[in-house]
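Enquirer: Just so you know, the protein sequences line up as chains A and B, in that order.
In case it helps, my numbering puts the first sequence at residues 23 to 437.
In case it helps, my numbering puts the second sequence at residues 23 to 437.
Heads up, a few of these hints could be off.
If chains are identical, the list can't say which one is meant, so a pair holds when it fits in one copy or spans any two.
In silico EDC-like cross-links for lysine to aspartate or glutamate, where the CA-CA straight-line distance does not exceed 20 Å [as the list claims (entries may be wrong)]:
hint : residue 1 : residue 2
1    : 418       : 358
2    : 81        : 251
3    : 206       : 423
4    : 413       : 353
5    : 206       : 431
6    : 413       : 191
7    : 208       : 431
8    : 206       : 419
9    : 418       : 187
10   : 35        : 67
11   : 343       : 259
12   : 384       : 347
13   : 292       : 395
14   : 208       : 423
15   : 208       : 419
Simulated from the structure, these hints should not be mistaken for lab results.
Residues per chain are reported as follows:
Number of protein chains: 2
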Amino acid sequence: MKFTAPLFVTGLKCFVCGSLYDYGNVFTCPKCGIQGILDVQYDYDAIAHNLQPETWNLKPLSHWRYRELLPISPSLNPPLLHVGWTPVYDVSRLARELGIRKLFLKDDGRNPTNSFKDRASSVGVLKAIEFGFDTIACASTGNAASSLAGMAAAAGLNCYIFVPERAPEPKVTQLLIFGATVFKVKGTYEQAFDLCREACEQFGWYSRNSGTNPYLVEGKKTAGLEIAEQMRDHLPDWVVVSVGDGCTIGGIGKGLQEMKQLGFTDRVPKLLGVQAEGAKPIYDALYSGKDMIPTDTDTLADSIAVGTPRNWRRAIQQIRKSHGDMVTVSDEEILDAMRVTARLGGVFGEPAGSAGVAGIRKAVDQGIIKSNESILTVITGNGLKDIHSAKQAAGKELIVEPRFGALAEVLSAVS
Amino acid sequence: MKFTAPLFVTGLKCFVCGSLYDYGNVFTCPKCGIQGILDVQYDYDAIAHNLQPETWNLKPLSHWRYRELLPISPSLNPPLLHVGWTPVYDVSRLARELGIRKLFLKDDGRNPTNSFKDRASSVGVLKAIEFGFDTIACASTGNAASSLAGMAAAAGLNCYIFVPERAPEPKVTQLLIFGATVFKVKGTYEQAFDLCREACEQFGWYSRNSGTNPYLVEGKKTAGLEIAEQMRDHLPDWVVVSVGDGCTIGGIGKGLQEMKQLGFTDRVPKLLGVQAEGAKPIYDALYSGKDMIPTDTDTLADSIAVGTPRNWRRAIQQIRKSHGDMVTVSDEEILDAMRVTARLGGVFGEPAGSAGVAGIRKAVDQGIIKSNESILTVITGNGLKDIHSAKQAAGKELIVEPRFGALAEVLSAVS
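Okay, chain A solo, but in the shape it has when bound (with noise of 0.2 Å):
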C-alpha cells in the first residue's frame, strides 16, 4: 500500500455477531454477509493524548478539523472542496411557531453540492484513492449520488452512478454536469442498489455505498462532532434527525458519544430520529424490538425513502443509548415544516432536510419533547435539490400588467 494507514484506527467491529476486524479495504462482516455492517474503531486514548485543547484554534475550520477521528490515511490530501463547519442559527420565531424554548437549525445545506452527504462523499473518494481505485460508484436517491460525483471531480477520479427511476431532476443535472456516467435504473432504489453492488465487483470499482461501506459513516459522524463543539456551551437537550437508511443518524449519534468520552463536553443529546409515514422500517423496528423488516415506500421525501435501510442497528442502537425516540411524520407535516422553517428560520431546506422540524412538532405534540427543552435539527439538505417539492409548498405568485393601476388593483383583490 502506497498510503500509510489511519494513525488511530484500530480494527473494525461487526453490528450483529460483534467479531472483529483489521483495518483494510473491507465492506461487510463475511460470517454475516450484508447484515453484518461494520463499525470502525479508533484508541479513544491515544486520540485524547494527541488532541490538546491548544491545538484546536489551528485548524481548519472544515470537517477536517477531526481527521484524528476519522479513518484518513495522514499521507492522503483531503479533497479540494470546503466540507462540513456549517453554520448553527438561534432561531427564536420558530422555537415559539413549534412551542418550544429554544431552538438551533444547523444548514447543511451549505455544504459543497448543498448536503450533508459531502461528509460521507469526501471521506469516500479518499478511501478509493489510498485503496488504489481510480473509479467510484454508488447508488442513491440523489444527494449521495450529487455529492460524490462532486467530490469526485474535485479529486479526478471516474464516476459512475446508479439512480432510481423517481430521482429529482435537479439532482441528476447535478451530478451530470460534474462529469459522472449516470445510470437511471427502470426500477427501486434497492434494485439500483444491487445492480451497483454487482458492477462495483465485476468491473473493479470501489463503492461508496454508504449503507455496507463502513468507512463512510465515519463522514457523517462529523456532523455529531461539530454539533459537540460548535454548541459546547449550552448542549440541546435533543438532537433531531431524519432517517432513511439509519447511518445519518446512527453517525451523528456516534459522533456526540465521541465528544463526550473525549471529555469535550459531558453528556449527550438526547436523538430524535424522523421517519415519513410511508417509509418507516426503522421507527416500527425500534416500537416492535424486533428485527427491521424491509417496506415498499411512498413519501415525497425521497432522501428518506428507504424501505430496506442498511443501517437500522446502528440508529436504533444510538438513539437508545442516547435516551432518545423516533417519530414519525406526513408529507403533508413536511411540506408545512419546510414552509416555517423557510419563513420563520431562513432557511430553504429539501422535503427530508425539513422533516427534522416536523418531527419536532410532532414530538411536542406527543410529549417526547417538553416545552422548557432546547433542540437542534440538522438541515440536510438545500430546497434547491428538489423544487418540484418546494412548489407544492410554497403558494403561487400574482401575475401582473405592467402597469401600476393593475398592481394596486391585484394587491387590494389579496390583502
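With chain A held as given, fit chain B onto it using these hints.
Expert: The following block gives chain B in isolation, referenced to the frame of chain A:
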C-alpha cells in the same frame, strides 16, 4: 431616528455631477435624476485607525467582519444568516485547461440563498430597519429577489418581489417559500424595475434595488474585501467577474481599492468584466468611450441579462482604475464553462456564475490575460438555481434495466 448613524460614513457622492450629500435615506442624486447613482464615502483614516491588525482574529468569519467599512448603524444586529467569507479554491486542473498558470474560484454559491446577492440583501434589510420600514421590495431577474426574500424572512420584514416573466422557476419557488409576495410582471426586467420603483414610492416600501439604492452595492463590496484578505499573500493578477447591471464588478472593485487604501494590500488586481454577447451595453460603452446605450437582451445567463444597466459608470470607473478590460462570451461558451468548471473545479455554477470562466478563456485567446498570470474568478450563483440551463450543458443519463447483463451492454455501447 432610533438608530445611531454608521460610524465612518461621511456622505454620498454623485457619479455624474460629483455633488456631495449627507448620509440618510436617499437614493439617486436630485440634480441628475436616475442617472445620478450615489457612492457612499468613508473616513478611511479613521477606519485605518480603528482596524488594528491584532483585532482581525476576533472578528466573525462572515462578511460582518467588515462592519467598519459598511454603511451599517453600530446599534443594529446583523441578520442571523451567515453571509460571506466564502471559500476560495486553487483549481490546478481547470487552470491547465484554460492555459493559465494559476486559477482560483471563489464560490459565492455557498451563501445562504446560494448567490452573491446575499451580500447586498443582508445590508438592505438592515437599512430598511434603520430607516423605520417594516416592508422591503425589489425587482430582480432572480437572485437579488430570492436573497432578499431569505434575508427578509430571517429579519422578520414583509417582502414584495417583482420578477420579469422569464425568471427561472427555481428562483421564483425559492422566494415564495420564504414567504414573499411575488408579482410576476408581464414584461421585461426593465418594466418590473419601473413598477417596483413606483410601488415603493406609492406604498412607502423600502427599495432594495441595487441599481439605485446606494447602500446595497456596499454589501457587494465585501467580496472584494474578502479577496484581498484571503489572497493577501498571493494576490491574483486578475479578478474576473460577470457583468449585468455593473454594480457587482463596481462593488468588488471598490472593496479591492479600499483594502489597498487601508494598507492591507500593496496593489489592486486588474478587473476583467465579462458580459454575454446578447447583453453587452457596458462592454460597448467601455469600447466606444461614450455613454451607455440601452439594448435588448438575448442570453440564457438570466442574472446578467440587463439591457439598461444602472451602474455602468461605476463598472467602467473601476475597470479603468484597475487597468482592466472587458470581453464578451456567447451562450455556447457559457455552457462549456459550466461543464469544465464543474468537472475540473468541482464547483457547479449557474450560467452567469460560470461566465467568468468563459471570459478567462476568451481573454487568454485575445492576449488580454497572459499564460503566466494568476486569476481569481467569483462564481456568483449556484447551478441548482437554473437547472434548465444546466441540463443543456450537462448531457444525458443512460437508461438501464435492473440486470447486470443489461448494464454491461449499455456500458460497452458507450465506451
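Enquirer: Classify it for me, residue 35 with residue 67: is the Cα-Cα distance of at most 20 Å met within a copy, between copies, both or neither?
Expert: within (18 Å within a copy, 63 Å between copies)
Enquirer: Using 20 Å as the alpha carbon limit, work out where residue 413 and residue 191 are close: within a copy, between copies, both or neither.
Expert: Both: 14 Å inside a chain and 9 Å across chains, each within 20 Å.
Enquirer: Should residue 208 paired with residue 419 be assigned to within, between, both, or neither, using CA atoms and 20 Å as the limit?
Expert: between (35 Å within a copy, 12 Å between copies)
Enquirer: Is it within, between, both or neither when you check residue 343 against residue 259 at 20 Å Cα-Cα?
Expert: Only inside one copy: residue 343 and residue 259 sit 14 Å apart there, 55 Å across copies, limit 20 Å.
Enquirer: Taking 20 Å as the upper bound on the Cα-Cα distance, should residue 418 and residue 187 be classified as within, between, both, or neither?
Expert: between (28 Å within a copy, 14 Å between copies)
Enquirer: Regarding residue 81 and residue 251, is the shortest C-alpha distance of 20 Å or less found within a copy, between copies, in both, or in neither?
Expert: Both. Shortest intra-copy (13 Å) and inter-copy (19 Å) distances satisfy the 20 Å Cα cut-off.
Enquirer: For residue 206 vs residue 431, is the C-alpha pair at or below 20 Å within one copy, between two copies, both, or neither?
Expert: between (48 Å within a copy, 14 Å between copies)
Enquirer: Taking 20 Å as the upper bound on the Cα-Cα distance, should residue 292 and residue 395 be classified as within, between, both, or neither?
Expert: within (11 Å within a copy, 54 Å between copies)
Enquirer: 20 Å Cα cut-off: does residue 384 pair with residue 347 within a copy, between copies, both or neither?
Expert: Within one copy, since 12 Å is at most 20 Å while 58 Å is not.
Enquirer: Is it within a copy, between copies, both, or neither that the alpha carbon of residue 206 lies no farther than 20 Å from that of residue 419?
Expert: between (33 Å within a copy, 6 Å between copies)
Enquirer: Go through the copies and call it for residue 413 and residue 353: within, between, both or neither, with a Cα cutoff of 20 Å.
Expert: within (13 Å within a copy, 28 Å between copies)
Enquirer: Given a CA cutoff of 20 Å, do residue 208 and residue 423 count as a within-copy pair, a between-copy pair, both, or neither?
Expert: Between copies only: 5 Å across chains, 45 Å inside a chain, cut-off 20 Å.
No hint from the list above goes unmet by this structure.
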